[in-house]
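Novice: The residues making up each chain are set out below.
Number of protein chains: 2
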Amino acid sequence: MSFELKPEYLENLEEDIQNGKLEAHLETIEDLHPADIAEIVDQLSLDSGKTLVQEINEEKAAEVLVELDEDLRAKILTEYSGQEIAHELVENLDSDDAADLINELSDEKRREVLNNIEDPGQAKDIAELLIYPENTAGALMGKELIKVNKNWKVMQCVKEMRQQAENVEHVHAIYVVDDHNILLGTLSLKKLLTTSLKTPIEEVYNHKLQSVEASADAEDVANTMQKYDLVVMPVVDAIGHLLGRITIDDVVDVIREEAKEDYNLASGLTDEVESDDSIWVITKARLPWLLIGLFGGIMAARVIGHFEGALSALPKMAFFIPLIAAMGGNVGVQSSAIVVQALASKSVMGNVANRLLKEIGVALLNGVICGVLIIGAGLFLGYEVKLCLTVAIALVAVIMVAALIGTFVPIILDRYKIDPALATGPFITTMNDILGLFIYFTIGYALLDI
Amino acid sequence: MSFELKPEYLENLEEDIQNGKLEAHLETIEDLHPADIAEIVDQLSLDSGKTLVQEINEEKAAEVLVELDEDLRAKILTEYSGQEIAHELVENLDSDDAADLINELSDEKRREVLNNIEDPGQAKDIAELLIYPENTAGALMGKELIKVNKNWKVMQCVKEMRQQAENVEHVHAIYVVDDHNILLGTLSLKKLLTTSLKTPIEEVYNHKLQSVEASADAEDVANTMQKYDLVVMPVVDAIGHLLGRITIDDVVDVIREEAKEDYNLASGLTDEVESDDSIWVITKARLPWLLIGLFGGIMAARVIGHFEGALSALPKMAFFIPLIAAMGGNVGVQSSAIVVQALASKSVMGNVANRLLKEIGVALLNGVICGVLIIGAGLFLGYEVKLCLTVAIALVAVIMVAALIGTFVPIILDRYKIDPALATGPFITTMNDILGLFIYFTIGYALLDI
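Just so you know, the sequences run in chain order A and B.
All residue numbers for the first sequence refer to our numbering, where the first residue is -9 and numbers rise by one.
All residue numbers for the second sequence refer to our numbering, where the first residue is -9 and numbers rise by one.
Since the hints were derived computationally from the structure, they do not count as laboratory data.
You can trust all of the hints, since none of them are fake.
No farther apart than 27 Å at their CA atoms in a straight line, the calculated lysine-lysine pairs in the DSSO-like style are these: (1) A/K217 - A/K250; (2) B/K180 - A/K137; (3) B/K188 - B/K198; (4) B/K250 - A/K217; (5) A/K407 - B/K(-4).
Taking beta-carbon pairs under 7 Å as the criterion, some of the chain B residues facing chain A (in silico): (6) V221; (7) R276; (8) G295; (9) A308.
Glycine included, C-beta positions come from ideal geometry on N, C-alpha and C.
Given only the sequences and the hints, what does the whole structure look like? Please build it.
Specialist: Structure (structure tokens):
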């Protein structure tokens, strides 16, 4: 079904490019989808990749650059002057892709590009898109769309659409506006195809539509488009003027990136790392959480040291340190994961008191089951009754405390506008390790004299 | 921007439905998007939700049911006979939604529905869709599409499209087939709008297109549609006959569900749980991983017990048990998370030997940094030199072993066609806890005599 890049082909291509024999491959490569060519460029050496992009035709080159990783794209763009970027690349792209392409350039080079775009309308569109902050609806939108006036008849509409379609790659929706460019609704292609040519647009367009303000958060855009199964959504300003449209493919990227970010945070990786990044990049992404773990481990050592008396009176307490720490960590991560997802999907959280009661219920149930099991296993394996009791009671307490911390830390972070996903993974685990040990040894100490 | 459900409105509605005064709300509710009505039904009591779905007009009710959670939908559908489902619901739906709706019914009721559908074409379409296994392209596709014959002229094409459009809600693409229904390409709306009416289709259609076989995996469909920025993708059989099309909104759901599943597995939750599920459902989703943790904890106790000699010779070794266990767990989860994501995106993994070398490099770098820090911190805090050395050496070893286990377990699982995401989270953590302690005490034991 999909394009597959063979290692032998890549090696052969790399060699031929280095020997100046790219010519023989050009026709085959230009015939591929830009996303596939981008995959090839990504796998080639930097120099060969640069050569390939510069040799294929300009329209393809522009689209390939859009598909590339930001880092690699920036490196290849250094080979182009501002004027070349304007004439060879930007003029072949939709406004949103063009804005993405030049957004990462230096201020100076970006100005040079904008000044060299020949179509003043396109330059204005791109300049406008560059204003919107990252991760807003405005930054995701493109300006290319088809709009018709509510006062037109279907006939005029088809005529005007033919003209507008020259500048639009894909027609997903036809927007209906009034004389002041206020968005009123959409005209379905179905209606256009099945209505008499003399019917006024006003009589056949659909008044109901989901739109989004340019300042809206990208995550909200993704949630809305998913909820209403939208393929394209119009973007308006605060008064309702039609500014542009967001297509679902850009939103799919947002959804995937967010999911990846959450997954990474839960796994203790700070940055977006790929398995083919360099050793140093991967190390940097991992080290912060490891340092938190290290610090937590030292704190845990201090806690146990504090209870050295209990430990020397009942030395086998040391045996169950890993169990207490692991269970606290696991329960904390489970609780926080559920809350983080509820917060992300903006689903109704119910009131916090109810949430608390339910979490206590779940923790109590899990705690009692685990506590009974550990007493049984402990006695069966021949550990002292006092030790088994200490471990079981501590386990119930640790599971309950860990569940509450896992629930509340993300809620509190969210309230202070900090990404609650930060709370999952190593952070919660480390916190629960320390607290769990404190609880364990306190209970052990209390039971010693009995 | 989006619809917001106010608690007061819900309470008021619930009360009015129970008092038989739904009538007053009907008009407002029917005016909402089906996804919004589904949200209301989800929040109401089961009885009120059933009443609401049955009272709104049939077309809306059918769409609302499609938007609902599977469980709730099944409960509400018990109120309908097979004949009612066929006449009131299925006939108002696209084939893919209709297939989803009746897929969960009992065999008997499903047959009753199929036998009662009046349009034999629709019944045949739905019956065909029910054949495809879950999570394949076939199960995701719908049969509604617009297709034209390559031998037609643009004029005839527009005429035929008008007819076909009657049965198609949204027109995303126009497919071009030959006389045997073999898919040849697509006709862009732009071409249709900008070409003379007498041009033969053969001369203007686009030969290049991405299609997918009905047996393909849903995950592959999602990857392909994302890579090529597709809004809709045609589905073909092994010979290339056009069977249907998949729209991106269904794929977005697949992407989100997969991301959620991975996140849950990494967080130690087995099932898809929501924060508003019952205490028992949440407990069931959590307990399996907790039991693994419990078992791991008991194993860890046995390992430490095995080294009781070393522990009584150097009792402060107990202080650093949590540190060793936590670091092993953290490193293991980090390594596995990177591999799991690389496997999921099917990105070129490079050869396994290179991967191994890189992982060893990263682990060594992290290990040495953490080892040096722990020696410094340990000495500063006044722990014995021998203890600091033991902890530091063990830390380097544990980090390296944990990284290798985190890397290899997912690769091995993947090779045996088991979801590698299973390997992340509690599983890797527990394994590394036990191994890490074994390494720690072995090193401690070896250093005792020095």
